[in-house]
Each structure stands twice: as C-alpha cells, then as structure tokens.
Amino acid sequence: MAAAEIRGQYEGLLADFEDGLLFNYFGFLDQVSHIMWRAMDPGHPAYDAERDGPYADVIPDLYAQADEIVGETLARLEQLGGGTLIVMSDHGFASWRRAFSLNTWLEQNGYLKVRDRNRRDLEFLTNVDWSATRAYALGLSGLYINLEGREASGIVPPAERDSLIAGISRGLLNVTDPVTGQPAITRVYVRDATYSDAGHNAIGPDIVVGFAKGTRSSDASAAGQIPAEMLVDNTGAWSGDHIMDHETVPGVLASNRPLRRPVTSLRQLAAAVLAEFGLGDFPRRAP
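Residue 277 in my numbering sits at position 277 of the sequence shown, and the numbers go up by one each step.
Calculated from the structure, these hints are not laboratory results. Cβ atoms here follow ideal geometry from the backbone N, Cα and C, with glycine treated the same way. Careful: at least some of the hints might be erroneous.
To be verified - Taking lysine to aspartate or glutamate pairs in the EDC-like style, the calculated list, with each CA pair at most 16 Å apart, reads:
no., residue 1, residue 2
1, K213, E229
2, K213, D192
3, K113, D245
4, K113, D90
5, K213, D162
6, K213, E160
7, K113, E123
As the list claims (entries may be wrong) - What follows is a list of derived Cβ distance ranges for each label pair:
no., residue 1, residue 2, range
8, R260, Q108, 49 to 55 Å
9, Y63, G167, 40 to 46 Å
10, N174, H91, 22 to 28 Å
11, A56, G167, 40 to 46 Å
12, I35, G167, 57 to 63 Å
13, A56, G8, 23 to 29 Å
14, I155, V252, 41 to 47 Å
15, G181, E148, 38 to 44 Å
16, L29, F124, 47 to 53 Å
17, H34, E68, 19 to 25 Å
18, D90, L13, 42 to 48 Å
19, G199, E18, 36 to 42 Å
20, S196, A152, 41 to 47 Å
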C-alpha cells in the first residue's frame, strides 16, 4: 500500500479521535528502506548510479512525510486540549553491504561438518553430519549447540555446553572482515546471561549474534545452507536491514512531554503507556 494511502487512513482515524488511546503502525518506512537503501548509499555493492541515482531522495522524503504526520498529530492534540504523543520505531536501519554465513564459519572452525561438499545449496541443514557437529546456525542470528537431550541427534553433553559457548563467542568476536578491515561481529548475546526466562528459553538460540553495522546473516545460512564462502558482498535487491547489533543500529523513541514513567527501552514502553492513564502500579525495572 502506498504511503499516501496509509497516511490518508491515519488522517481519518485522527479526525475521529476524541479521547483514549490511538495506536497506528506506519510500515512504509520499513518496507521501502529494505529495498531502496542502496539508492542513497553509493558505496553499496549493488549500487548502480544510472538506476539508483534518481531515487536517492526516496527515503529522506518518506521521513519528511512522517515528520509532517507528527506535526498533524500534535495539532489535533492541541485541538483536544492536550495529550501525550509517543513516536516509536521497533528498530533502526542501516545499509546491508556484507553477508556473513554463520554455518560456514562454524564449518571452517571445526564446529560443524557437512556431508557433501559438492551440495552446499541444500537447505534446512539437510547437508549436516549431525554425528560430528557441535553447533549450527538457523535463522538470521541464532546459533544453537547440538545438545544431548534437546536436539534429536545431539552430541554435546550438557556439562560441556558453557565452555563450548564461551569458545564460539570468543571466536566470533575475533572475526575481521578482510574487505573492510573491521570486526564482522561486535556483540555476542549468550542466552542465559542476556534474556529473561519466560518459559521457553530452553528451546531458544544459545547465542544471538550481533553483526557489525553494515553486515548481516546471509540468506543462504539463514535457510540452513552451508555456502563455501563465509563473507560475501550483498548484491541482492534487499539492500538495507537492521538484523545487526542493536547498539550500533538504534531505534527511535520520542514523546511530546516527559512521561510519568521514564522509558529507556522498548520493553518498558507498555508499562509507560499504562502509567499515562494512571494504570499499572508496576515496580520499575533497572535499565
């Protein structure tokens, strides 16, 4: 749906709004940024001046429209006698220039073994020799230990899990991209030290990889392939992304006035919204 249509829908909602909570999601910034980011990044491997140059202002223009929407919302709140406006993105954005295959790194470092080196295009980890594989990657940033008692063909005893995670973490943080000369991975989030257990931690990734800004998991590795090359240029149509170390690609959170319950992360926002209505006397979590 075009940005103009989305904006028109919101303007109708805003005109009818009198009191309470109005939430609206604007997805056009995300969708367009994924595809059109290279148009404003001449250094992107997929950039073509003749093709992309005329569209260099597409994304900035959309942000200008978003700014206009904020202004219209503030004007409507003033008509209603005041209110709280919160503007939030669920993530940031950056150019995606380099694609990293976690499964290839695991293979090259002896943690994963392939069955057939001539069939690296096989998806869903069907080319993995589980009897000799201690770790594998699945999805965009998840890395799993092939753990006894959890995985169907697990070979790593639970007593060795922590030391294996520590070794893999050190290795990942030492990877340097030969093209940029910079670290390819800037943070490694170990599950047990990072995430609260809501009852499903045991089946989640043992490590979540924070790729450096400009680098993201390759599509092939995310689909369970084991490409021959670990790091390659991203020449696909999907030129912008945010599946990177969130500290290097931060999101946006702004309000038109101080909130009753200060917010320092997305996880705290729901409680802060309730507090604006005098609801939810929840104890504050440390940032």
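Going down the list of hints, with the structure as the test:
Distance hint between K213 and E229 is unfulfilled; the C-alpha atoms sit about 20 Å from each other, more than 16 Å. The suggested pairing of K213 with D192 is violated, with an alpha-carbon distance near 24 Å, which exceeds 16 Å. Under the criterion of a C-alpha separation no larger than 16 Å, the hint pairing K113 with D245 is inconsistent with the structure, at around 27 Å. Simply put, K113 and D90 have alpha-carbon atoms about 37 Å apart, too far for the 16 Å limit, and the pair is violated.
Restraint check for K213 and D162: the C-alpha separation of about 27 Å exceeds 16 Å, so the hint is violated. At roughly 32 Å between alpha-carbon atoms, K213 and E160 are farther apart than 16 Å, so this suggested pair is violated. The suggested pairing of K113 with E123 holds, with an alpha-carbon distance near 15 Å, which does not exceed 16 Å. Against the hinted window of 49 to 55 Å, the Cβ-Cβ separation of R260 and Q108 comes to about 52 Å, which satisfies the hint.
Checked against the given bound of 40 to 46 Å, the beta carbons of Y63 and G167, roughly 43 Å apart, stay inside it. Judged by the Cβ atoms, the range 22 to 28 Å given for N174 and H91 holds: they are separated by roughly 27 Å. Between A56 and G167 the Cβ separation comes to about 45 Å, which falls inside the hinted range of 40 to 46 Å. The hinted window of 57 to 63 Å between I35 and G167 is violated, with their beta carbons roughly 38 Å apart.
The hinted range of 23 to 29 Å is satisfied by A56 and G8, whose Cβ atoms lie roughly 26 Å apart. One distance hint, 41 to 47 Å for the beta-carbon pair I155 and V252, holds here, with the actual separation near 44 Å. Distance hint for G181 and E148: a CB-CB separation of about 40 Å, consistent with the stated range 38 to 44 Å. Against the hinted window of 47 to 53 Å, the Cβ-Cβ separation of L29 and F124 comes to about 32 Å, which falls outside the hint.
Restraint check, H34 to E68: a C-beta distance of roughly 22 Å satisfies the suggested window 19 to 25 Å. Taken as a hint, the range 42 to 48 Å is violated for the pair D90 and L13, whose Cβ atoms sit roughly 20 Å apart. Against the hinted window of 36 to 42 Å, the Cβ-Cβ separation of G199 and E18 comes to about 40 Å, which satisfies the hint. Taking the beta carbon of each, S196 and A152 are about 27 Å apart, not inside 41 to 47 Å as hinted.
In this structure, the earlier hints numbered 1, 2, 3, 4, 5, 6, 12, 16, 18 and 20 are contradicted, and the remaining ones agree with it.
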